[in-house]
Structure formats: structure tokens, C-alpha cells
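Protein chains: 2
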Amino acid sequence: MSKYVWGVDVGGTFIKLGLFTDEGECIDHFEIPTIIEDKGSRILPDIAAAIKDYMDKNHYAREDVSGIGLAVPGPVDSEGIITKAVNLGWGVFNINKEMEELTGLKVFAINDADAAAAGEIWQGAAKGEKSAVMITLGTGIGGGIFLENGLLIGRKGSAGEIGHIPVNDGETVVCKCGNKGCVEQYSSARGIIRVAKLLLEESNKPSKLRDYEEITPREVFALAEEGDAIALEVVDRFGYYLGKAIGIIISIIAPEVVVIGGGVSKAGKIVLDAIEKYYKDYTFHASRDVPLVLAKLDNRAGMYGAAKILLDELKKN
Amino acid sequence: MSKYVWGVDVGGTFIKLGLFTDEGECIDHFEIPTIIEDKGSRILPDIAAAIKDYMDKNHYAREDVSGIGLAVPGPVDSEGIITKAVNLGWGVFNINKEMEELTGLKVFAINDADAAAAGEIWQGAAKGEKSAVMITLGTGIGGGIFLENGLLIGRKGSAGEIGHIPVNDGETVVCKCGNKGCVEQYSSARGIIRVAKLLLEESNKPSKLRDYEEITPREVFALAEEGDAIALEVVDRFGYYLGKAIGIIISIIAPEVVVIGGGVSKAGKIVLDAIEKYYKDYTFHASRDVPLVLAKLDNRAGMYGAAKILLDELKKN
Chain A
1 MSKYVWGVDV GGTFIKLGLF TDEGECIDHF EIPTIIEDKG SRILPDIAAA
51 IKDYMDKNHY AREDVSGIGL AVPGPVDSEG IITKAVNLGW GVFNINKEME
101 ELTGLKVFAI NDADAAAAGE IWQGAAKGEK SAVMITLGTG IGGGIFLENG
151 LLIGRKGSAG EIGHIPVNDG ETVVCKCGNK GCVEQYSSAR GIIRVAKLLL
201 EESNKPSKLR DYEEITPREV FALAEEGDAI ALEVVDRFGY YLGKAIGIII
251 SIIAPEVVVI GGGVSKAGKI VLDAIEKYYK DYTFHASRDV PLVLAKLDNR
301 AGMYGAAKIL LDELKKN
Chain B
1 MSKYVWGVDV GGTFIKLGLF TDEGECIDHF EIPTIIEDKG SRILPDIAAA
51 IKDYMDKNHY AREDVSGIGL AVPGPVDSEG IITKAVNLGW GVFNINKEME
101 ELTGLKVFAI NDADAAAAGE IWQGAAKGEK SAVMITLGTG IGGGIFLENG
151 LLIGRKGSAG EIGHIPVNDG ETVVCKCGNK GCVEQYSSAR GIIRVAKLLL
201 EESNKPSKLR DYEEITPREV FALAEEGDAI ALEVVDRFGY YLGKAIGIII
251 SIIAPEVVVI GGGVSKAGKI VLDAIEKYYK DYTFHASRDV PLVLAKLDNR
301 AGMYGAAKIL LDELKKN
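These protein sequence lines map, in sequence, to chains A and B.
Letter by letter, the first sequence follows residues 1 to 317 of the numbering used here.
Letter by letter, the second sequence follows residues 1 to 317 of the numbering used here.
Among the hints, erroneous ones may be present.
The list treats identical chains as interchangeable, and a pair is accepted whether it falls inside one copy or across any two copies.
No farther apart than 25 Å at their CA atoms in a straight line, the calculated lysine-lysine pairs in the DSS-like style are these [stated by the list, open to error]:
#1 K280 to K176
#2 K269 to K296
#3 K57 to K16
#4 K156 to K280
Keep in mind the hints are simulated off the structure, nothing from the lab.
Model the full structure from these sequences, guided by the hints.
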């Protein structure tokens, strides 16, 4: 094996590229913009060019690098077939093959939520653990499951789809998936904002949330910490419904640890406290002491995980 | 590796012992009674004696057999520590070690629901699949998850505990686990009987179920097939709540197939139909075509799976 691998995380706005040693040290990283135009056809050539450019300028030979791990926003199966990366405008194609042709390097692509889980277990909040479930609280809710033998990819790359676990029989509003009462309706960034607006409408209680033209989860958590009644209720619902979903996941998977990441988790301890108030009530008794921890690698988790998964893949072959 | 392995399934009433080739053929099998007295202290010596006796009588040398796979009714961790096998009267101890000392053979023990999953994927309803989730509908509800790299054992052997997935926010009756609205309260044998009694009390509708002193799931399904109104409602609730739980499990694991087994599943097609009416409503869209199938190995699944897991373990070392 060569000494270095690339970990690349393709987001809707930026692409993060990191050069890693096979020990897990990130020796350099940078970003390029994601050009969505023309159905995302420039994305892979842009990555290939950025890598070539970097390696030329910094005097790396192609033999110094073993390959590229790619984290992408959509399900990827074990052969590299990607589907439903709608944010990038992509159709269905074999991303490993296409990127290998562009770079001449070994490529292995996985879903970005899975990559984040792999990153956190490799060099982040779950470092050294045998297994972990990572919950990514972004606009939606993503899940990554890392087990003793590696990531759980699942049929058609669809394992870990936890945003639509039903947690509220009484919900009357339809989720974008078509069902009602999905955890994403309460505990994603979009869900938190939705619940806040709903409670502000329903209630006459004073709340500083009324002063904002656009509410974000950051304000909700900050105001809850100041004791704002409506914000506290939004955070309580966030914690209750997410806690219920996490209890279910722990009972099924029994991981060593659950890592909470994504933009929403940046509010810190209040996020953990809200979930911890409820999740054990819905967890099988033998697993009630599975700890919850906050993610550590922030938005670099996907880049780290992409590198890690490629290294694992190289070891297999 | 020698030519044969034993697969042993320790139940609360009988212990099933099977002699297998390493290709998966069961060349002979028999049962001995489970003696629960003296805190179950006779169980392992009885198994050891039965194996020795069989091998002596049938002229097998110890070298012909590579080891014993043991399926037991309780969580077993990857080191062989068993806990909570309350039905056998056992405390906490290392079952692999104790059985190895008794027989001089390599021993590997796993939970019986896990063993059943391994059996069905090896030689049963999920034969040839890369992954499967098995749902065992007995007195309670057990789950076994078989992935590409083998069984998902989980922390403290607790993966696959699916009987207490919350599926009904409106439930007022407390489950034996302390929560309310667990799937086991509706879709296990005990749950089906409970719901039947409840509906008979609540309703004045005529039902042949009123003629039975003791209702069993078998009568409920048989009468539902005849169009009995109360029985139909019990079966509908069975399917709705179990379907919801299975949808959640599929969305998290994304297995190739879900196998429905255990005593309750013997009612056959009506069981599948009841679940199929609902489970896709709670399944992530990409996984809605994961098929449900009935188990094939009946009460021999645990014995098969115990042999299979031992063979996998021998290959690792």
C-alpha cells in the first residue's frame, strides 16, 4: 500500500478534500465549490483536477497515493452504484468506475452519513470503540452504523435511514415522505423550526422567538438556555421524539456508543441533555447504559470517514 | 477441520441435538429433556453425556468432530458470557469455557433467536441471501440479524431486541418491560391472546372465540380465515403493529429479506398477509420491496444455526 489516501466529501455547496496518511493523520485539506449546473456533470472532473493539481504542486507521484474515498449525499451500493443524489442533480451511475477512469486511482464511494460515522469512529468521538451509531442532525436526519466488521451498507446502500422512524401516532401533518409522525418532523433543523412556528402560533405565551423573522435551531437552543418558555417546549419535543427513535435504534443494534452530530448538535450539551431525558425509556434494559456523545470532527467527519473506508477496502483486496 | 459439528438448541422443555456435515447436511438429530432443577446445573453435563453416548454408539472418534455450537435462551456476549437465561435457572457464567471443559471440544454459544436467523439463512427460507432479519413470534418476540459478515451480536449480546419497539402511543396497559405500547403487547402469542380477550370484553359482536375456555393464536387465525369479526380485528391489530415494527427495522438495517418464524407463524399465509397490509407504510422508500417470507426450518432453525455459527467461528481461527 502507498503512504497516502484522499478523503473527499461532496456536499451541496462545497467539496472537502483531505490528504491522509494510512495511520489516520490528515496532513492537509482544502475546499472547492460544488458546481451543480449541467446535472452535476462537472463535479467529478473538478475533483479529479483539484487532486491532480495539488499533487503536481506538492510533488507527489501517483504511486504515493493508494486511492480516493468519496462521501456522497445519496445511497451508494457495494458496487458503487449511486441513486437519488438529487441535491447534486445526478442520475443513476457507477461512481467508482467513473472516478477511477478520471484519475487512474482506486475509488470507493459511500453515503455521507455513513462516512461521518466511519470518521467519528476512526478519529473522533467514538475513537477506539468496536461499534457506533452516528445520528446526523442536519436539514434532515441521517444515520450511519459502524459495526465490528465495518459500515453497515445494507441492500441498495439503504441501511441507517432513520429520519422516518414513526414516533408520534397523533401527528396530523404529512412528512415529505408521505407518512405522519416521522422523527425528522421534530428533531431535524427543519423539524425544530416547524415545531417552533407551530407552538408560537398555538400559544399566547411571551417568547423572544417572536422577535425573529427567521428562526434557526441555534436561536431555539440559545433561548431555551435562557429559560424562554416556548423555546424550552420546542427543545423538549426535540429530545422526546429523538430520544424515542434513538432508544429503538439502540435496542435493535446494541452499539457501544451513539454519536450525535450534524449542524443541530453544535448547540452542545443542551442537545444531549434533551435526548438523555427520554431515550432510556425506550431502550431495551440491557442496553440502557449505552452512552450518547457529541461528534468531534464537525464537518470534517465525512472527509475522514471517506479516507477510512477506502483504507478498509484496500486491506480487503 | 474435521468432518462433523454438533448443533445444539437448548429450550425450556427439550434440548435438540443435531450432527451436521460442514456442508450443512443434518445427518442425524434427536432430543433429550431439559432438567431445570438445581438451577439448571444438569443441563450442560446432560448434553455432554448425550453427545459422548451418541458418538460411542455410532463409532465416531473425537477427531471426527470439530466442535459444538450451542443456542441458548438468553443474551451471550462474544466471549461466551451468558446472562438472564432465567427460563433455565442459570446465573452469569462463561458457557463456552464450561462446556469445553466437559467435552474437550471447541464450543461456541449464541442466543437462540440469533441462531434461528443463522439457521434460516444457511439452510432455510433465506438460503443464499447476503443478509436477513429473522423475527421469531413465540410467547414473546425475538429478533436475529444476520449480515454479510455474520450475526450482529451487539454490545453484551443484546442486538436484535425488537419485542419492545414502541408502536402505540395510546396504550394504557403496562408491558412487562415497564413501558406501554411495545409490539410484544399485540403480536406475540401472549399479545394476540391479550388483544382477543380485550376485544371480546369490549364488544358485543358474536364470535366463536367466546366458546373457548383458553384462546390460542391458532384459533384466532383459524377463525379469522372463517370470517369471524373479532378474530379478524385481532389479526388486523397483530399485522398493523408488527408491520410498523418491521418497517422500522427494515429502514434501519436494509436486509435482503425478512423471515417470519416462531410458533405464531405456523398459521402461514394469513400471518404474512396481515403484516404485508401495513409494513410498507412504515418503511423507507428505497427498501419497500424487501420481501417477507415464512421460516422453513420450523423448530430446527436454532439447531441448524448453532452448527453454522460454530463453523463460521472455526473458519475465523
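Hints, one by one, checked against the model:
1. K280 to K176: Intra 28 Å, inter 16 Å, cutoff 25 Å: inter-copy only.
2. K269 to K296: For K269 and K296, only the intra-copy Cα distance (13 Å) is at most 25 Å; the inter-copy one is 49 Å.
3. K57 to K16: Only inside one copy: K57 and K16 sit 18 Å apart there, 68 Å across copies, limit 25 Å.
4. K156 to K280: between (31 Å within a copy, 16 Å between copies)
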